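Trainee: Now for the letters of each chain:
Number of protein chains: 2
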Amino acid sequence: MSLDQPRAKPQERLAAALAGDMDAVNTLIRERMASEHAPRIPEVTAHLVEAGGKRLRPMLTLASARLCGYEGPYHVHLAATVEFIHTATLLHDDVVDESEKRRGRPTANLLWDNKSSVLVGDYLFARSFQLMTETGNMRVLRILSNAAATIAEGEVLQLTAAQDLGTTEDIYLQVIRGKTAALFSAATEVGGVIAERPEEEVQALHAYGDALGIAFQIADDLLDYWGGEQTGKNLGDDFRERKLTLPVIRAVAAADAEERAFWKRTIEKGDQREGDLEQALALLDRHGALESTRETAREWSAKAREALEALPPHELRDMLSDLADYVVARLA
Amino acid sequence: MSLDQPRAKPQERLAAALAGDMDAVNTLIRERMASEHAPRIPEVTAHLVEAGGKRLRPMLTLASARLCGYEGPYHVHLAATVEFIHTATLLHDDVVDESEKRRGRPTANLLWDNKSSVLVGDYLFARSFQLMTETGNMRVLRILSNAAATIAEGEVLQLTAAQDLGTTEDIYLQVIRGKTAALFSAATEVGGVIAERPEEEVQALHAYGDALGIAFQIADDLLDYWGGEQTGKNLGDDFRERKLTLPVIRAVAAADAEERAFWKRTIEKGDQREGDLEQALALLDRHGALESTRETAREWSAKAREALEALPPHELRDMLSDLADYVVARLA
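Chains as they are written, first to last, in numbering that gives the first Met the number 0: chain A, 0 to 331; chain B, 0 to 331.
One should not assume that every hint holds.
[As the list claims (entries may be wrong)] Pairs of lysine-lysine, DSSO-like flavour, derived with a Cα cap of 27 Å:
1) K302/B x K8/B
2) K302/B x K263/B
3) K8/A x K302/A
4) K268/A x K242/A
5) K242/A x K114/A
6) K263/B x K242/B
7) K114/B x K242/A
8) K114/A x K114/B
9) K263/A x K302/A
10) K114/B x K268/A
11) K302/B x K53/B
12) K268/B x K114/A
13) K53/B x K242/B
14) K268/B x K242/B
15) K242/A x K263/A
16) K263/A x K302/B
17) K53/A x K242/A
18) K242/B x K114/A
19) K8/B x K114/A
20) K268/B x K114/B
21) K302/A x K53/A
Don't read these hints as lab results, they were simulated from the structure. From a predicted model like this one, the values you see are computed outputs, not experimental measurements.
Let the hints inform the model, and build the full structure from the sequences given.
Mentor: So this is what it looks like as structure tokens:
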């Protein structure tokens, strides 16, 4: 997409405003994903790192540091750290989910093997910790290691919550905090920390990342049932994989005995037949579960924008605010 | 084994001398392997952590710190960190090796599934980094994150070197540094670092751990062909798994054309028949590969003991020296 459209997407405006920093991040990533001894490592990481991800998470760190007036070198290290953690979790996720495609390309576990994905993921985790120690800032180390623990905990929780109709909205929130919001909020918070901003602003950046990540993930889960042209998702993937996301959790909570039997058969037992996805969509619709989920996503988006009000006015702050709008605008 | 034998094994004397510290480590491990939200996590870790491992690595940290006169609280954190890193790598190793037994019990990947082993391993890695940040010591963070990267790199190298007759002694050394020596040397080095000892002593502790780990791993690999009563290993496991360890690397280097064809068939192509293990043992014997490997293990053991000479006299220093003796005494 071109930047001379009347109004480019917020992530494209962020990418343009942060282009110089992002070049430095990409250079550092390429340098550090190498391995002197084990050529398999850069093969696997290059496959994933060069696959044209949106680099959203490192951009959040760069934007947060810059809007806080940071002029040192370490926002680049932290942005690369965040991308390494993200890449490591993708490698392990694809093993856990037995995925075959990621960003339109075959996954590393398919191209090489699960072993390589597990071990190269471990390597990237270790590299991410090496990178953050270079900042010499103990607080960012705490924030990022806490985030890594929350991510892993959320993934385990998702594993045990899958196919469990007893999954509550609270558990769902913990799962998506681990899956998405924990790294978003760490990414934004560390930007404020290295810029040595007052505690109130650091907390505001954390709150922004947390709410943005939650809004983003709820919207993503909703699109799995909502569909739409540009989503690039297959309608009903989560249903087929028997994942308990917010729309289904709400429809199950409102279900009568017959509906409950339907969810039990399709999600808990995994006995899915022709026409079941259509039936699931009809039940979601009957209980207004899609509408209410959209409303919840919008509330989190609004929380993200409100959090930014504690920060000084800045062009990048406005772009982050637009980004929070954008993640739910897809649900129009 | 009882301590009133004329001379207990060095690791038993270390365990007795460090019993109070080790209790504190075990308490901290139990506290931190818990998870508020995901009960699967403590189930899996308890299975492994309580399985009666020797706690050799945390003991190295405790002994190093204490013989350096350390009186603060953080040797306990660092010892628990080291054990968490070790446990995380075991969980991932068992997935990579498709193992079914560890310490005489079914592995976690068999009892639960590979997914749980991958994700709980990630959780323990993250927890280990949280633990080390609590020490507030940036240098120990660097040492341990470097070790984590070397471990993962060594595992990837082992993966790509397996079944490759071109594997050199240099590559083997890198693999076993990653597999064993990197965590041993980090475990001992951080003990000296938190005790704020002079650089020469810190380096001596590093050199001790490195050489001890290398001697330990060479001896372990040798015992796979050497056998013996108390080893608890099945003769020839590595041969059947087509691993290139030092005895085989040396026998391959000295092989004539016919012998080379044998190694190519059994190790590279994996076409193994009745009587092949006996033939492999005969070839190892013909080229003196077992004897020379034992000699190499003994040289590393001697290097470990020499390194300790830079440290002040201490009962724990003598036990560490005896430990270096012990890991090769098994090869008598």
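Trainee: A separate judgement is required for each hint: does it hold in the structure or not?
Mentor: Okay, the hints, checked on the actual structure:
no. : hint            : in the structure
1   : K302/B x K8/B   : holds, 20 Å
2   : K302/B x K263/B : violated, 35 Å
3   : K8/A x K302/A   : holds, 20 Å
4   : K268/A x K242/A : holds, 12 Å
5   : K242/A x K114/A : holds, 26 Å
6   : K263/B x K242/B : holds, 12 Å
7   : K114/B x K242/A : holds, 16 Å
8   : K114/A x K114/B : holds, 12 Å
9   : K263/A x K302/A : violated, 35 Å
10  : K114/B x K268/A : holds, 20 Å
11  : K302/B x K53/B  : holds, 23 Å
12  : K268/B x K114/A : holds, 20 Å
13  : K53/B x K242/B  : holds, 25 Å
14  : K268/B x K242/B : holds, 12 Å
15  : K242/A x K263/A : holds, 12 Å
16  : K263/A x K302/B : violated, 64 Å
17  : K53/A x K242/A  : holds, 25 Å
18  : K242/B x K114/A : holds, 16 Å
19  : K8/B x K114/A   : violated, 37 Å
20  : K268/B x K114/B : violated, 30 Å
21  : K302/A x K53/A  : holds, 23 Å
Violation of the numbered hints given earlier is confined to hints 2, 9, 16, 19, 20; the remaining hints are satisfied by the structure.
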